[in-house]
Amino acid sequence: MIETLLPGLFLRYNYYMAVIIMLIGLYAMIAKGNLIKKIIGLNIFQTAIFLFYISSSDIIGGTAPILTSDPASVYVNPLPHVLILTAIVVAVSTTAVGLALVIRIYEAYGTIEEDELIAMEAKE
Amino acid sequence: MKIWALVSVLLIGVLLLWAEGDIPAFGDPMAPSYNYVADRYISDAHNDTATKNMVTAILADYRGYDTLGELTVIFTAGVAVLLLLRRGGRL
Amino acid sequence: MIIDHFPVLVVVLPLVGAFVTLLAGWADRRLCFPIAMATTFIQFCISLQILSRVMQTGPLHYNLGNWLPPWGIEYVIDQLNGFVLVVILFLCVLTCLYSYRSIHSEIDEKKIPAFYTVFLLLVTGVCGIAVTGDLFNLYVFLEISSLAAYALVALGREKRSLVSSFTYLVMGSVSACFILLGIGHLYIATGTLNMADLARLLPPLYGSTVIQSAFIFFIIGLSIKTALFPLHLWLPDAYRYSPSAVTVLLASVVSKIGVYALIRILFSVFTPAFIIIEIPVMEVFCWLAAVAIIGGSVLAIAQTDLKRMLAYSSVSQMGYILLGIGIADNLAVTGGILQILNHAVMKGCLFMIAGAFIYTSGIRSIDDLRGIARTMPLTAAAFVIAAASMIGIPPTAGFMSKWFIALGALESGQWIFVLVILASSLLTAIYFWKVIEYMYFRDPGTRCAEVVSTARDPPAGMLVPILILAAACVLFGIFVSIPLEVIEPFVTGILGGI
Amino acid sequence: MDQISFVPVLAICIPAVAAVLILIFRNHPMIRESWTILASFATLACVLSMLPLVFSGAEPYAALFQILPGLSISFRADAFALIFALTSSSLWVLNSFYSIGYMQAHHGKNLTRYFFCFSVAISAALGVAFSADLLTMFIFYEILTLSTYPLVVHAESEEARMAGRKYLAYLLTAGIFFLFSVLLTYFLTGGTAFAPGGILTGQGSALLMMILFITFLIGFAKAAWIPLHSWLPSAMVAPTPVSALLHAVAVVKAGVFGIARVVFYIFGIDMVSALGLGLLLASIASFTIIVASMMALTQDNLKKRLAYSTISQLSYILLGVALLTPSGIIAALIHIPFHAFMKITLFFSAGAIIVMTGIENISEMKGIGRKMPITMLMFAIGAIGICGLPPVCGIITKWYLALGAIEAGQLIFLVVILSSSILNVLYFFPIISTAFFEKPDVDTGVHEAPLFMLIPLTITGICSVLLFLFPDWPFLTLVTIAEAIITGSVLP
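From first to last, the protein sequence lines are chains A, B, C and D.
1 is the number of the first residue of the first sequence in my numbering; add one for each residue after it.
125 is the number of the first residue of the second sequence in my numbering; add one for each residue after it.
216 is the number of the first residue of the third sequence in my numbering; add one for each residue after it.
714 is the number of the first residue of the fourth sequence in my numbering; add one for each residue after it.
Calculated from the structure, these hints are not laboratory results.
Just so you know, not all the hints are guaranteed correct.
[Said to hold, decoys possible] Ranges between beta-carbon positions, derived for each pair:
(1) S580(C) - K822(D): 46 to 54 Å
(2) R739(D) - R211(B): 29 to 37 Å
(3) A686(C) - P782(D): 25 to 33 Å
(4) L130(B) - Q271(C): 54 to 62 Å
(5) S320(C) - I118(A): 25 to 33 Å
(6) I218(C) - L130(B): 55 to 63 Å
(7) I118(A) - P153(B): 47 to 55 Å
From the three backbone atoms N, C-alpha and C, an ideal C-beta is built for every residue, glycine too.
Using the sequences provided together with the hints, build the complete structure.
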């Protein structure tokens, strides 16, 4: 059993690592009460997905996808890089809007703890 | 709450781990993602766009429209932050 | 010819409009509304033209930058997105008109230019989702529309709008992450991002766990976006606390585009062969939709706030669309797609009316609507028509979509869902009738007498879209053959093989 | 023989247009009310103008538009439809005058809404009558429910609102069952158009047909069969003209009319009798006849007693339908107009008493017959008619019903009819004797109701007698034509 699992594990360890990081981020998003921590969780989640994409582009013996003079060189897949460049910008934008919201929430309520917010809303 | 968070995260974790079972191995040159669309980018990018950097070629040309979308996202976020944080001024 | 570029113009136009609005707003705030109005209106005309071309010549393909798919990005417009495009732009035009009076009374004067800019960006996003034939492009536009929506929700006058916007942002981002994951898995397994290409490459891979889990990621992500029942928690607050015009936009445009994306991915990327035969997920999907239909209605009955009641009603009504898709029978899918149009019209009308109450008298609670029909007769009458349509009383539009879905359920032998639809009609009648009873058959009493007696029908800028939509509720019921003409070719094309 | 004609559509449209005009002239009471009167005459003329055609064997037919294949909005004025339409429209004329008189004497408020809803309700009732397919009927049936709700809660008191909620709860729930039945019929046959002899034959298993039949029955809860009756007595909080025309004629008759339509034109006599569904319907009807009569005995409130009497009388029609024999059908169809004329007389009289004295309970009506002799005389005529005694038209129904029971060989129903007659006598004669033969407790200056009310109720009372003397024109003629079509003894 171990013998069959282990090679698989090693063959795809990058993906499994990405999954673990994703789960950490997702857990932080759901379970953490602090709004900033939620956004950090979101960022971890997104970064893990980037890792997942990027590592899928790798090729054994591949080099960066910039044309070299050596015709025998093997290039890694450039497309995931492009996608992730876009996705990073999206993630940054989302984070910016989220943080702006947190600032406004802090101004309005004086706290950014979820349970305190819920308590204050219940009182109103 | 935290228990539920843990349970749902674990469920999704199981799903993810199950999903990765059939994925091509890390660095596998036979992976379909490497041999279909990416193929042309690597072989023709220089001819098509006169750019040595394939990432740039795709970003600015093949999938340049995505980049326009990306810029729109930044623009949106900028106006959104403006809308949220700015008081006074002309906008 | 410019006409060949219409598919891309429909997306680029509001983007340019957004820039122009921001610049013009810097010079003079009064310019923003006309620009936004003109932009959406021209877009609407373009979309009609596109649809008529699709009906004549079949699907339109537009290769951006002349790169052939799958290397470049491709726009594909068939009957489904042509139809959805027309529906959402119709609502956008009316919402824009409506927002002129309503938004001016609800937000700070200084924020008007930014509001219209974000509004147009939202339109850019939803139109982009509608026309694109590339999965990653869809994700980018999804994020544009989501970011714009978060900002608009946060504009509400009450401070709780901030918290609801934040919740919406977190849920929306999670949903986008799952969609991104789904796209990633599909790409890794096939090497392409083009939808048509994927549909061609996927069948031999249906057994792979990568594909199956990608499918589940899409379902999770889009279920959050469309607020399918257990994942609907962000929706009531977001609808309740945002400005009236934004609520209309969320309920009739943003939610519809989420459903469109779901239909596109279920039927065009994963073919019916996969979702019906390969993995029996549609059964589960139907049950979730049924729970949404009943649960949303039950929760709506418990509400005292009008907008919140309408929000829960949305949860229930969106369930109809999902049920129609889930049954995956010719008639049921037709009904589900028809419901996209009908629900956009009905719910748009109802939320506009709720906004009109807030505008004229500041009333939010159902309890305060006592006797308001006397002083706001046209608004109240429009409410009755739209409510009748929601309940599904013939010959309104709401009846026709329920009719088709129920017929589809009968045809596929799933009697239980017929009962669900009928029972939900009854529940819908309960909560709408409560409002109607308060509006028409209650004395204002001392508490609301003053408010009610000073209320008037809203100004023409708000009343006209309300009345147009109320009329549409009836017209689309009687002349149901017009939307059907568009929907049926798509449905038979896609389910013909099953 | 179908003859393309838009007269049925016109008859439906006239009250609907009048409703809009009423709304427009809401600030001019005189003009507003003259629209009601004008429309009622116009509608009656419209319906009457179709009679010669129908007598000659033609059927004015109009298909407005097709929603989907097999699903259209279409109207047909056959003899069967005309029975109901003629009843409603002719009584609407009288009721319009009566309403105006009643509302003036009662200082009613929200009159625009009242007359608006009334016109819409009449339009819907005519729509039910003339509809040529199930979907059209369903549409008008629902409009009828919704348009009469504001009339039930007219007083806007807590009691009225409770009654209104009950009204809607029963009728809208029933509407759902109706919708389900329409859906299933469409699913099974691919169409919903009525056809003599039925369209469902051979389209599904016996069990499915039974389920469909029962959902149809529940769907037509407007027929007020027990146990789906309790909305009707509650609805009596409405102003009396509403109880008189809508809750004794238009709404409840729409229910029984619908059942009759479905039995004869959707299921067909053969299938209903083959599946034993006639017996089921007959049992329900008999049970309702007896139990509602007994309930009527216990009511002291005059309008409620009349309401229970209505419930019981409606089931006469159902019983006639359920017997599935020519005489039974004639009894059922002829009772639609006859009961309408008699019951509206009773309600008109009750309304006159309520307006003039404020008395609603029977026990307080001592000696009222001396103060309001004409009103009480007409009341007595109506009561005699309901009991099935000559010289009022009610006896004709009972005669045919008894014949029908004999034809069907179900003598048990004879017993039902007879015992119900006795019960009718038991609950009506105390009212008459209290009114005429007991001395009032205190002498008040009560006099006859204003002419606006008195004349309509006298006319309906006299009509009830005339219909006994000359039943042929137009109702019995129509009924025989309809019966011939239904039983297939002549080609339609």
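Check: Cβ-Cβ distance between L130(B) and Q271(C): within 54 to 62 Å?
Finding: holds (56 Å)
Check: Cβ-Cβ distance between I118(A) and P153(B): within 47 to 55 Å?
Finding: Holds - the Cβ-Cβ distance for I118(A) and P153(B), about 53 Å, lies within 47 to 55 Å.
Check: CB of R739(D) to CB of R211(B), is that within 29 to 37 Å?
Finding: Cβ of R739(D) to Cβ of R211(B): about 49 Å, so the range 29 to 37 Å is violated.
Item checked: Range hint compliance [Cβ, I218(C) to L130(B), 55 to 63 Å] -> Holds, since I218(C) and L130(B) (Cβ atoms, about 56 Å apart) stay within the stated range.
Next item on the list: Determine whether the Cβ-Cβ distance between S580(C) and K822(D) falls within the hinted range of 46 to 54 Å.
Entry: violated (26 Å)
Next item on the list: Could you check the hint for me, namely that A686(C) and P782(D) are 25 to 33 Å apart, CB to CB?
Entry: holds (26 Å)
Next item on the list: Evaluate the given range 25 to 33 Å for the C-beta pair formed by S320(C) and I118(A).
Entry: holds (30 Å)
When each numbered hint is compared with the structure, violations occur for hints 1, 2.
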